[in-house]
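We have chain U; now place chains R, C and L onto it with these hints.
Listed here are the chains, written in short residue letters.
There are 4 protein chains.
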Amino acid sequence: MAEDMFQWHWFIEWGTPNSAHMYGIEKILYHGRSKYQDIMVAIVKDLGKALILDGKTQSAIVDEFVYHESLVHPAMILHGKPEKVLILGGGEGATAREVLRFKSVKRVVMVDIDEEVVKVSKEYLPEWHRGAFDDPRFELIIMDGLKYVEEANEKFDVIIADLADPLEAGPAYKLYTKEYYEKLKKLLNPGGVFVTQATSPTITTFTHAVIFNTIKSVFKYASIYHVYVRSFDGVWGFVIASDTKDPRSLTPEVIDKYLAENVEGENRFYEGIIHLSMFAVPKYLRKAIESIKDIATLEKPVFMPA
Amino acid sequence: MAEDMFQWHWFIEWGTPNSAHMYGIEKILYHGRSKYQDIMVAIVKDLGKALILDGKTQSAIVDEFVYHESLVHPAMILHGKPEKVLILGGGEGATAREVLRFKSVKRVVMVDIDEEVVKVSKEYLPEWHRGAFDDPRFELIIMDGLKYVEEANEKFDVIIADLADPLEAGPAYKLYTKEYYEKLKKLLNPGGVFVTQATSPTITTFTHAVIFNTIKSVFKYASIYHVYVRSFDGVWGFVIASDTKDPRSLTPEVIDKYLAENVEGENRFYEGIIHLSMFAVPKYLRKAIESIKDIATLEKPVFMPA
Amino acid sequence: MAEDMFQWHWFIEWGTPNSAHMYGIEKILYHGRSKYQDIMVAIVKDLGKALILDGKTQSAIVDEFVYHESLVHPAMILHGKPEKVLILGGGEGATAREVLRFKSVKRVVMVDIDEEVVKVSKEYLPEWHRGAFDDPRFELIIMDGLKYVEEANEKFDVIIADLADPLEAGPAYKLYTKEYYEKLKKLLNPGGVFVTQATSPTITTFTHAVIFNTIKSVFKYASIYHVYVRSFDGVWGFVIASDTKDPRSLTPEVIDKYLAENVEGENRFYEGIIHLSMFAVPKYLRKAIESIKDIATLEKPVFMPA
Amino acid sequence: MAEDMFQWHWFIEWGTPNSAHMYGIEKILYHGRSKYQDIMVAIVKDLGKALILDGKTQSAIVDEFVYHESLVHPAMILHGKPEKVLILGGGEGATAREVLRFKSVKRVVMVDIDEEVVKVSKEYLPEWHRGAFDDPRFELIIMDGLKYVEEANEKFDVIIADLADPLEAGPAYKLYTKEYYEKLKKLLNPGGVFVTQATSPTITTFTHAVIFNTIKSVFKYASIYHVYVRSFDGVWGFVIASDTKDPRSLTPEVIDKYLAENVEGENRFYEGIIHLSMFAVPKYLRKAIESIKDIATLEKPVFMPA
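As given, the protein sequences belong to chains U, R, C and L, one line each in that order.
Residue 309, in the numbering used here, is where the first sequence stops; the numbers in between run on with no holes.
Residue 309, in the numbering used here, is where the second sequence stops; the numbers in between run on with no holes.
Residue 309, in the numbering used here, is where the third sequence stops; the numbers in between run on with no holes.
Residue 309, in the numbering used here, is where the fourth sequence stops; the numbers in between run on with no holes.
There could be a bad hint or two in this list.
[Stated by the list, open to error] Each computed DSSO-like pair below joins lysine-lysine, with the alpha-carbon atoms no more than 27 Å apart: (1) K177/R x K122/R; (2) K122/C x K150/C; (3) K106/R x K188/R; (4) K290/C x K52/L; (5) K59/R x K59/U; (6) K52/U x K38/L; (7) K106/C x K286/L; (8) K59/L x K87/L; (9) K260/C x K286/L; (10) K122/R x K260/U; (11) K122/L x K30/L; (12) K48/C x K59/L; (13) K30/R x K125/C; (14) K177/L x K59/U.
Quick caveat, the hints were computed from the structure, so don't treat them as lab data.
In this text, all values refer to a predicted model and were calculated from it rather than measured experimentally.
Chain U extracted, bound-state conformation (with noise of 0.2 Å):
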């Protein structure tokens, strides 16, 4: 057999123990592992450049800009004049590269917990970061989310949670409690708005609604919505909150308004026909999220399927 003809270098990303993704890898650019966990960059065959922590893909070149700008940007919209923002997680440093094109922005804080995800991030992954972290209106704060809540006299218009998922195996879990979210909202600003990556509805709907139903325990107005992101094998799921704004009054029109205007650059992917199917989560699915009730405290937490 020609030595060219089978691909025998893979990254398998199990989605539950009975299916998975498997992708050849192309090359290796980083592999190592932090204090928290096991941190690769590498080509992935059909994704690109991607990087891929604990063995999930956190994103991929081929479409990074999805997901980031799906995170950021109805957020940012949704607050008008956002000046100061908070991300939580984000070591990529696209979050901060989204948040940063808005003009009005003035100091964006990023707070990770792993320096080493940054540094690899800060070396590996210039398409991602596009220099965000020399941005004079950026500070980079290594720090546990969970702790710097805690700490913070700072008040922010926008935070945006772009955090591992809630495994049980880790801390992350409880930074998707009624607690955690409650001290969260006294850091917004009035009319601060709040978004969180809301792991899969298809694969986790379970977890998916828990944490949108615990978010909506705790602010006025809270919406789900769902993009497919290729590189993370199916729709993925995201939860928008405020206690002033409802997200779902933007419209088209303002969307491309607002983003001709007020944002640097030009997006890929998120518009205003984009942000009306966003929104437009499918019956099916909005049944089966409205079927589950449970909210996740620190005593009773949500975490992913094993």
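Same frame as chain U, now just chains R, C and L:
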């Protein structure tokens, strides 16, 4: 190692030679080979019962309604009062099932080349056809879709192509050429609408774009729409076309009213707001598709990439 | 991608949680579940027809004769004139087939717990049993091997244990304890010989060594021997034991003469020179095995590693 | 799913297009590409540190001594007093290491085409070469083995071919032809011995048999021998040849005495009794090999099957 800890029976669906989705097989209900293809009905873990032809998932119970509602409903509603409908392919019977839900429908002709697939579907996929094969309005013709179109002397209001992908190895690629679409169009009544599955816009962008371009060269109005189908491991593409009606003109309100008044039973996926989101093709994909100018002809057909 | 280029139906046989052998499945001939286990007969690519119980290859047509000749012949020849033979397990009927080739044999009792395996083997594995189940000298008893040994009031010249591995999940581990071997020994006539499969010496060295140590603690002579079995993905281990005869005393000349005179038909694998090589356990493995001193008892049994 | 439960980084070594061995990768120590091939040094689960060229395991720490002792010792002992030894290939340095253990050896020339493999081995595989590259008796020549044999004006007592398999894609197949073996033979001193790896006798029986036939057509004595090498996923084949000495004439006693007196340190695998077992090729394989009559020439070479 305990024998129940590790899944040992697998279905690996290849997207490209360098990526694939692996699913545990719980049970094989049927496995055989017709004159045309390998046919398997299996309980696939995470997807449930599925029909797999030549190693490609045709549909799975977890979301066959997403695919079949998306294929059938937009074309039927765009027509407005479809009485006679032609289905090319569609062996499972679920496309016919959806068509027969429209109260105006008086006659459905389904032309499938592979009698075995239909027999297996009748026996093993009752959740798909739900009696469609026995509806007095339904007629099955076992024949090559190429030949049928040459010989047919009947006209239809809606034609639905639910065909295998245009593989280089098989004969199906001829059903994706300008010549074929021109013949198909002659079978349409005035005001008629044509719709076809059109491969994956993200994995096989070129093939998808060429199918669109080819249809656009034959009909006055032609539009792409995209739907996430989990069991197809991504977003799936469709093309809808007509000489008299622009599918983009349909509003959510019109669609929801039409569904309520003119369709038996309730949809699980397709509705007004979903229609909008299906037609909201992301900018980066629109650009990729628009950059491709090829048209498929018998002399220069389009194939799935090897 | 042409559908015939990439294998999509797979059997993955796990050796450990971190290594496995993958085989394409050409066709499934039978798949069901008995009271005890999952039973599959399939045409496996590169191995041919195979019996797979709970995801473990029991034997494949490409080399079942290697395993079955190696299991049966040394013990039979060491005995010299076996008339009555007990087989524990051996559902496929190939162990019985080999035993029945010895002209001196007058009675073979096969005790298997799983009637389904025997029924499936009768129908789907004629190349294995070749009529052994119908030989007038052969008797099948469907019973737990544990119970049989308690209740048997018959003695044998040779006892052959062709049993499942001692998994922690199943009951088979009790058949690998000192207590069980002591009871078995009481069923042997004077001059009797016992032989058993003994798991992989390279993958599960501890289990293999403990089986050897346990048998050695019960019989005067006990020896390990190893045979490469491709369909088991490596070298396989056996233990042969007797109170009166040392298997290492057999010479190639004696073996070849015995086979020529006392056995119907011709072997494909086992012969004098192979006997020598089977007992030539490599030094590094001998040392690894000798370093393990444990013995399996009902109170402290040995299991396959998880 | 806990991220530490499922292995996600894999090396899949294909034996045929329909079967493969999958191994978890624990850590990649080096990954690069030379002018000739992809080079990886990794900690592979269950095998330990391994050198992988173009996706094929060259040797793994768990049993590299099995392969290298088997390749080197029979030829050296058959010669009786080897002073000058030529190694073709052998980049890891372990073949040289074994040769240098023979007290009679005064000069070792190793000819390898790929300087990168040697550099990587020097740095990452000290357990393999153990200083062999620095032994004053050792000379490394970076050159194509084809060219070296044309130009060499030195003669040797033993020639050892530790080369890549004869893939159709690469140039190595020329090193497995009658023409090449004839040239090699001219580099042997009277009483000289030649040995080569000869692919898998079970997976690539045809290739293995043709290598044997070709060498047999050039030398008076030629024998096949087989060794189970776990990291090669099966039995491995070798061919040893000489015009004056029959390797089958060596007895275990002679071998063990020779090793004790003439070789530094102690073997872990090869010894007298193992020598016998290596040459005991099973009957069914002997028959399969004998049924193949082809010989490889430059005009009609032998390749590994596609």
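Going down the list of hints, with the structure as the test:
Taking the CA atoms of K177/R and K122/R, the gap is about 25 Å. The hint holds against a cut of 27 Å. The straight-line distance between the Cα atoms of K122/C and K150/C is roughly 21 Å, inside the 27 Å bound, and the hint therefore holds. Restraint check for K106/R and K188/R: satisfied, since their Cα atoms lie roughly 24 Å apart, inside the 27 Å limit. For a cut-off of 27 Å, the pair hint linking K290/C to K52/L stands: about 22 Å separates their Cα positions.
At roughly 26 Å between alpha-carbon atoms, K59/R and K59/U fall within 27 Å of each other, so this suggested pair holds. With a CA separation close to 24 Å, the supplied pair K52/U and K38/L stays within the 27 Å bound. Proximity of K106/C to K286/L is assessed by CA-CA distance (about 22 Å); at most 27 Å being required, the pair is judged to hold. Using a Cα cut-off of 27 Å, the hinted pair K59/L and K87/L is violated, with the two alpha carbons roughly 30 Å apart.
Proximity of K260/C to K286/L is assessed by CA-CA distance (about 16 Å); at most 27 Å being required, the pair is judged to hold. Distance hint between K122/R and K260/U is unfulfilled; the C-alpha atoms sit about 55 Å from each other, more than 27 Å. For the given pair, K122/L sits about 20 Å from K30/L by alpha-carbon distance, which is consistent with the 27 Å threshold. A hinted pair counts as satisfied when its Cα atoms are at most 27 Å apart, and K48/C with K59/L qualifies at roughly 21 Å.
Distance restraint check for K30/R and K125/C: the Cα-Cα separation of roughly 23 Å lies within the 27 Å cut-off, and the hinted pair is therefore satisfied. As the CA atoms of K177/L and K59/U are separated by approximately 45 Å, the hinted pair breaks the 27 Å bound.
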